[in-house]
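*Asks:* Take a look at the letters that make up each chain.
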Amino acid sequence: MSAKLEIRNLVKKFGGLTATNDVSFTIEPGQSVGLIGPNGAGKTTIFSQIMGEHPQTKGEILIDGKEISHLATPQRIHAGVSRTYQVPRPFSEMSVAENIRVGLMPDSIWDMITRGPNREREVEIASAIGLGEDQLERLPSELSMGDLRKLEMARTLATSPRLMLLDEVFAGLTVNEIAVISDLVQSMRDDGMTFLIVSHDLKALEPLVDHAIAINHGEVIAQGQYQDVMGSDIVRASYLGTA
Amino acid sequence: MNLRWHHFALWALFIVGMFALPQFVSNGTLRTMIFANFLAIFAISWDTLSGRTGYISFGHPFLIGIGAYTTAILTHRFDFPVEISIPIAVIATMVGGLIVLLPALRIKGSYFALVTLAMMELVYQLVQVVRPDLTGGTRGMSGLPTLTRGAANGYYMSVSLMLAIALSMWLIMKTRLGTALSAIGMNEEAVSGSGLSVTKLKMTAFLMSAFIAGLGGAVYIHYLGSIAPRALFDINFVFTIIVAALIGGAGTTIGPIAGAFFLTFLLEYLRPWLPGAERYMVYSGLALLIYMYQPKGMWALMTQATFKSKIRP
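For the record, the sequence lines run as chains P and V.
Numbering-wise, our numbering puts 210 at position 210 of the first sequence, and it's gapless, one number per residue.
Numbering-wise, our numbering puts 30 at position 30 of the second sequence, and it's gapless, one number per residue.
Please note that a few of the clues may not be correct.
As the list claims (entries may be wrong) - To spell it out: a stretch of chain V is covered by chain P in this simulated footprint if at least three of its residues, at any positions, have a beta carbon under 8 Å from a beta carbon of chain P; those stretches are: (1) 170 to 180; (2) 183 to 191.
Claimed, not checked - From the derived model, a few chain V residues whose C-beta atoms are all more than 10 Å from chain P: (3) Leu163; (4) Gly195; (5) Leu196; (6) Val198; (7) Leu201; (8) Asp234; (9) Pro275; (10) Tyr283; (11) Met292; (12) Ala305.
If you are wondering where the hints come from, they were derived from the structure by calculation, not from laboratory data.
The C-beta atom is built at its ideal place from N, Cα and C for all residues, glycine as well.
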């Protein structure tokens, strides 16, 4: 259920811009870690590199000790890592059930044709994530932002990840919706899921993580226990824009 | 599969209706319907790749041409029987098309459309100058073996092929493969982010599309008994295929069939009044109107009118 993530000396350059510079950290199995930093610090770029959407310029990414840098995104997902996006990306003309179905697809084209959808599993995932059975046939355009975030997590969960990367998972949510998503993450933590969570809402993030990694200008400026990182002068300065 | 008994009942009704038609219409109308059947086959082929995955092909005659020329050369120059030359033509279309267009599937949007258009133009030029002793050069080939004689037989052959292809594709698109292909058209990155190999899915869509185009192209020229490069690789032919799929309803199976019949009859009935290329202006205007009012095409309009409900793909 849990996966270990090791990032070693990760460098990503977009032309002359260094988005991440020599980033290294480790997340132990079952740990929940907050990735924090001001806008443009490089948090999402780290996610994109872990998923293989933007391959790193240098450095290594290991899941359970195995290097995954040479793998394409779908293979990394099969290795047990999956992510959500800042802006939910549902399949706009498909129902909630069909959106989850895409995450549950087998790898083989033949199996896609010959084996029907696993309706029970679709309902199970939807219900685990807090989407009611009455919502399964709805289109994403009929869902609230909170439910869209849930759908995003449901599709991610359908790929059976052992490590989930949640990007700005509380953005645009009401207080009630934040509480629902938090409960969801907590219950998955209890089941042993490893998390790396990016959030600007530090109040909502705090109860969900035990460790934090702070980055600024693409470099790790602090990491350790959440309270220690948040109490660090350099982290405070980076948020206030003086670092 | 999300199949209901009434889906099959509607298909049965449609098939019976199509096969009963020769009893009620003239031979002239039947001949028009034969062309509509072939256009429907080509539109389904286009839709399988472009309507579903969003990779717009502007060079579909390239695929149709490989199938058509392969069987034409094999039967005309090497005396192959049609039963052997057509399967070879289909395989040649899939393999040849894949070799040339597989690299193009790595690019997106207008670039993919341009590459496919360039391929069509390239083949058009090549068949005229490379080994004209085989291809017939600019004049093409005539006197090819024909599969049927008479309008009714031609109609039965073309409608059988069209319905077999349509029903097969409808069944395939009702499976999870259909869902995955449609998902690519909506958000390719999210498909990849769901653990699916987008390249494998696009290749499957392309191979299915090429299979239909190759088969349709090969049978078409054995209906005509001749092949002419100028007609086959005509830009108007490309647009007719695309507009038939769009006007009928891209991303559906019935849509391209409805669009193909509508366009073929529209162009045919406009012929006495507008014998030249002006006819295409009329159908372009109509296509634009339908597309502006309902981008999902005529099939969605008909469904809306019948069920008064929102349209789902």
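*Asks:* Against this structure, judge whether each hint is valid.
*Replies:* Hint check results:
no. : hint       : result
1   : 170 to 180 : holds (count 6)
2   : 183 to 191 : holds (count 6)
3   : Leu163     : 20 Å, holds
4   : Gly195     : 4 Å, violated
5   : Leu196     : 6 Å, violated
6   : Val198     : 8 Å, violated
7   : Leu201     : 8 Å, violated
8   : Asp234     : 33 Å, holds
9   : Pro275     : 41 Å, holds
10  : Tyr283     : 27 Å, holds
11  : Met292     : 19 Å, holds
12  : Ala305     : 20 Å, holds
Hint violations for this structure: numbers 4, 5, 6, 7, all remaining hints satisfied.
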